[in-house]
Amino acid sequence: SAVISQKPSRDICQRGTSLTIQCQVDSQVTMMFWYRQQPGQSLTLIATANQGSEATYESGFVIDKFPISRPNLTFSTLTVSNMSPEDSSIYLCSVALGTDTQYFGPGTRLTVL
Amino acid sequence: SQQGEEDPQALSIQEGENATMNCSYKTSINNLQWYRQNSGRGLVHLILIRSNEREKHSGRLRVTLDTSKKSSSLLITASRAADTASYFCATGANFGNEKLTFGTGTRLTIIP
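Protein sequences appear in the order of chains A and B. Last residue of the first sequence: 141 (the numbering used here), numbering continuous. Last residue of the second sequence: 114 (the numbering used here), numbering continuous.
None of these hints come from the bench; they were simulated from the model. Possibly wrong hints are sitting among the right ones.
Unchecked claim - Below are the DSBU-like pairs computed for lysine-lysine, each with C-alpha atoms no more than 35 Å apart in a straight line:
no. : chain 1 : residue 1 : chain 2 : residue 2
1   : B       : 71        : B       : 28
2   : B       : 58        : B       : 72
3   : B       : 58        : B       : 71
4   : B       : 101       : A       : 93
5   : B       : 101       : A       : 35
6   : A       : 35        : A       : 93
7   : A       : 93        : B       : 28
8   : B       : 58        : B       : 28
9   : B       : 28        : B       : 72
Unchecked claim - Negatives, chain A to chain B, calculated, CB over 12 Å:
no. : residue
10  : 47
11  : 50
12  : 80
13  : 82
14  : 94
15  : 97
What the hints assert, rightly or not - Incomplete in silico selection of chain B near chain A, CB under 7 Å:
no. : residue
16  : 44
17  : 45
18  : 94
19  : 101
20  : 102
21  : 107
The beta carbon of each residue, even a glycine, is placed where N, CA and C say it ideally should be.
Input sequences plus hints: build the corresponding full structure.
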């Protein structure tokens, strides 16, 4: 299995500002994933982040709103830009370890006022 | 869009009883995974079943997969208060490091 940490665990932000969420894994992985979970909803994939290349975004998500960095094989960041109350969600990163099993971080609970 | 739907959306049972949750999906899959989420926190991986498997067990968990009906079920036997959580199924379309598509989830409450 993988040990995944996220920072911050939660934050309360003002609309119009940006927040960068960090995801750290205890082993090297090729692909990392970022998901969003809106209140009372299931998880929706935002993007897939490969080391050394541009992230691949799902329909409805754009790089200007959710820029992603993947500087090495154990770390990634997701920025939520120009936030509005509709961005209030739990943001989770995950990794897959060769056996298809995906492991998730503890999540970042974001509230936008 | 969501790949799968789960039913029931919510389930309350007495401690000690068995809980069954169902998941349906729409397209061909390579694997299906079940996760537990406690109080909006991170997801805990429970079990993975591949498309060429029909049943899998892990402790008190039993998962079945029927690819002809595009459905899966998760059975938790002898439920405990600590099993209270939301349960999600997620499907992977291809082998190897593939993104997951999540179902709508079932909120399970175990009554002591």
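The hints, checked one at a time:
no.: 1; hint: 71(B) - 28(B); verdict: holds (9 Å)
no.: 2; hint: 58(B) - 72(B); verdict: holds (16 Å)
no.: 3; hint: 58(B) - 71(B); verdict: holds (17 Å)
no.: 4; hint: 101(B) - 93(A); verdict: holds (20 Å)
no.: 5; hint: 101(B) - 35(A); verdict: holds (22 Å)
no.: 6; hint: 35(A) - 93(A); verdict: holds (19 Å)
no.: 7; hint: 93(A) - 28(B); verdict: holds (30 Å)
no.: 8; hint: 58(B) - 28(B); verdict: holds (21 Å)
no.: 9; hint: 28(B) - 72(B); verdict: holds (7 Å)
no.: 10; hint: 47; verdict: holds (18 Å)
no.: 11; hint: 50; verdict: holds (15 Å)
no.: 12; hint: 80; verdict: holds (15 Å)
no.: 13; hint: 82; verdict: holds (16 Å)
no.: 14; hint: 94; verdict: holds (15 Å)
no.: 15; hint: 97; verdict: holds (19 Å)
no.: 16; hint: 44; verdict: holds (4 Å)
no.: 17; hint: 45; verdict: holds (4 Å)
no.: 18; hint: 94; verdict: holds (6 Å)
no.: 19; hint: 101; verdict: holds (5 Å)
no.: 20; hint: 102; verdict: holds (6 Å)
no.: 21; hint: 107; verdict: holds (5 Å)
Figure legend: structure checked against the earlier numbered hints; every hint is met.
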